[in-house]
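Participant: Chain by chain, the residues:
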Amino acid sequence: MSQQVQIRLRVNGDAHEVAADARTLLVDLIRDELGLTGTHVGCRTGHCGACTVVLDGRVSKSCTVLAAAADGAEVTTIEGLAADGVLHPVQEALWQEHGVQCGFCTPGMVLAAAELLAENRSPVDDEIRRAIAGNLCRCTGYENIVNAIRRASAS
Amino acid sequence: MSDAAESTGNGTASGSLMGARQPQIAGARLVQGQAVFAADVSLSGMLHASILRSPVPHARIGRIDADAARRAPGVEYVLTGAEAAQLSDPIPHYLDPAPIGGKHADVRCLAVDTVVYAGQPVAVVAASSPNEAKAAAELIEVDYQPLPHVLDAQAALAPDAPRLYDGWDDNVVLSFGQKAGDVEAAFEQAEHVISGSVSVQRSAASPLEPRAYVASWNAASGRLTLYAATQNPHTLREMLARSLRLRESDVRIITPSLGGAFGSKMPSHPEETLIPLLARLAGAPVRWVEDRRESLLVGGREQVHQFEVAADGDGRVRAIRNDIVGSTGAVASLPGWAMVLMAALAMPCGYNVQDCEITYTAVATNKAPWNAQRGFGKEAANLVMERIMDAVARQLELDPAEVRRRNLVGADAFPYTTATGFVLDSGDYDAVLSDALELFGYEDERRRQRAAREQGRHLGIGVAFEVMPEGGAIPGVGGGFDSATVRINPSGQVTVLTGVTSPGGGNDTALAQIVADELGAELGEIEVVQGDTDVCPFGFGNGTGRSVVTGGSAAALAARDLRERLVSVAAVMLEADVGDLVARGGKVVVAQEPERAVALGDVARSVVTLSHLTAMGVEPSLEASRVYRAPHVNHIPDEQGRMNPYPTYGNAAYAALVEVDIETGTVTPVRVAVCHDCGTVVNPLLVDGQIQGGIVMGLGVALGEEVAYGADGVPAVTTFAEYLMPRAADVPEILITHRETPSPYTLLGTKGAGEAGLAGAQAAIVSAVEDAIAPLGGRVTELPLRPPAVLDAMDRRAT
Ligand code: FES
Ligand code: FES
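One line per chain: the protein sequences are A and B, in this order.
Start counting the first sequence at 1; every next residue gets the next number (this note's numbering).
Start counting the second sequence at 1001; every next residue gets the next number (this note's numbering).
Take the hints with a grain of salt, since some may be wrong.
Unchecked claim - Residues from chain B that face chain A, not an exhaustive set, calculated with beta carbons under 7 Å: (1) A1284; (2) G1689; (3) Q1692; (4) V1696; (5) M1725; (6) A1729; (7) V1731.
Said to hold, decoys possible - Computed Cβ-Cβ distance ranges for the label pairs, DEER-style: (8) A:R8 <-> B:P1148: 55 to 65 Å; (9) A:A19 <-> B:D1065: 46 to 56 Å; (10) A:R23 <-> B:E1438: 32 to 42 Å; (11) B:S1491 <-> A:G35: 26 to 36 Å; (12) B:A1708 <-> A:T64: 20 to 30 Å; (13) B:T1737 <-> A:D84: 33 to 43 Å.
For the record, the hints were derived by calculation from the structure and aren't laboratory data.
Computed from a predicted structure; not experimentally measured.
Virtual Cβ for every residue (Gly too), placed ideally from N, Cα, C.
Full structure from sequences and hints, please.
Facilitator: Below you can see the structure in the form of structure tokens.
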């Protein structure tokens, strides 16, 4: 039997205590134990960004983090971004600009872009493209994602 | 339908949603991560599957020892090929090559005695967690007795090549030739005969969402429910009924949200039979989620074209010969292998060349099978035609854009029957080309290019024309039509049930717009239900840019029928003439006296509650069902055996600018401009989104994406670190304009846009790279154009 560990963490403001296999990845804990399936899995190798969450204030790829390493951490997932049903400006802009097609990359894109705008209120396109360089999108060709982030920065 | 009803609220009134830049109706859910994908489906007591795959490309399977796996923690069931073969039948082929002159091979969900590619499923474990399933699968011991393997199509065609399948006398899946006109005479008389080749690498559609299946059996009814990341649920239902020996009515396929597909989720993959079988044996629901390594196994596109072209001194192409050899990997039940066939049939694309001899051979090799990939071989036809146009321009020292202009089908020639029998429906190709060149700034860029060369910088300009046959109808497979039911309830909400599915491009929004317009309903009241075979009418799902052409038209017809019924009941309620009424904004209104109006929901309530009063003139039904069959399809072969399987042909022209660093071979794409004609545009936001995504995918296959295999027959590319899909910073400026020539043959004038972008971008980028290195004698014959290939191309002095 593999080793079990106790993990305490706050996710979207709620405290959780979960017993999990020591090998469990943060992404699987979020999806399977907490049922927050807006965090997606595209690769499990850290290359696609579909699993992006905010971990202790920084966007992180949750497939590259052991759940045990997030013990005591503060996590925000896509489900925790909209406040009281009001979309974050990045979410609103992605929707309006058609920067979302299938929506599989979108949660990761939203969190990466939200971090960028929190640090840089008026990024130029190169900065936007660099900020989402770790997030693959196979549907949109990025054009409308960049447009959306620019629009959100202006709002 | 009465004339009066036809003229009421049929979508042309102001406030029409047709042509509106309408964001996706599912957008709010998507941006909040609330959409449910197949891997998100979680059922009580659900187990998790892990598949053991062959590590070798070709071997006999000796003993399989699964005892340790069966004893491993959490394991509920271990299934091997021998047992699976007793309990299931071969998976039916989506398109079996045998009836059209090719060869058949049985495909099973698990290998039985032989594996023919690295990655082929050999055994599967169901366990309480994915980790336990994976750990147990690794404990299964398989005795592989290696057989010689062959990876390259040319090598596989050698008489002494290893054979993949017992009973086959060679490795040819299907080989065929087609000849139209007098090719010999044209070549004899030609002023110029030019030959060349282009080879395209193996690539993967690689949607960001891997495939996933969750199978569940109802113990009481014996019915199977499969939540499947599939593009074609009805097609899959029939295939699974056969492979699993079930009554088709006992199979329900539900497609949750799809995270992209691009052809790769067409049926039927072995896992679609395997996971339900495992769930039945394990006595519990089972979920399997593909990993990226598995996703990258699903291949396509790898082919070599050897062409010869006869041209006049003015650049007019008189005749073409092309021989296509596709390396289609091992035989599967998937439609992918037929992309070789379609590459041949789609030639000579938008060019007026009636003398053509085209041969093609799909060859089985010990690589993983192909599935469909956006473009479905039509992109390869476009690519080779553009290589031909560039070859002619170079030989005759003509402007490449001008050579294209001289060869395009004229605007007055439609409907135009190509040498291969496709009947191009409509367009103005010359104008589309002119618009693209103007948007790109072609003349200015040529000047800048000359100036840059004097400074030692190597800019390249590429031009390409794309014809994309859409809405396909293949005899024996289906398509070319689809179905819809439109329902209203007494509260005024409208439900559209459709046979088309959305892979993630937003066609549900287009359908909702169409229905809102036809019915006069508010967009916010409309819900579109897709992908559930128990609920939706029969349809062919998603593929071949068909969703709006067929599904949208069916929804329009059903909405019209329903509107006609509601308007006639409203006429009784309002004591008005039917001819004076319009349905708009969620109401039926007396056109000249807008204060006399009744809400659609109130009309619906009247139909069912006052069926013997207000609704005496109609059937008291709140729904209408229609099928739209695209008329411009011909399945009766002409005297040369040719058919027209596509109702409509979207088209576009592209111009691309790249810069090549001739020291390193690095290609930097700078700009892609396109003028696109998909006929009537229902939603420019969605259409441009398709084009942008297609262009970037085309950029990827032109410049970077490749699934390479080692000499050992094992894929060397298993992660996104090696499979180089474009990232945000790799993408050039993209400019899009439209020229709308509505198809005269589709209900709404639409032509389909789902495959737009890829073919033209790929061809234009390749053309631009060659243009950049041409002064150094460079010739492009091999894709993708990664730096070493570009350096090689500069050393090449092919004709
Ligand atoms: S799933 Fe984590 S980066 Fe792809
Ligand atoms: S919208 Fe589909 S992967 Fe980005």
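Participant: Are there hints from earlier that the structure breaks, and if so, what are their numbers?
Facilitator: Hints 1, 9, 10 are the ones this structure does not satisfy, whereas the remaining hints hold.
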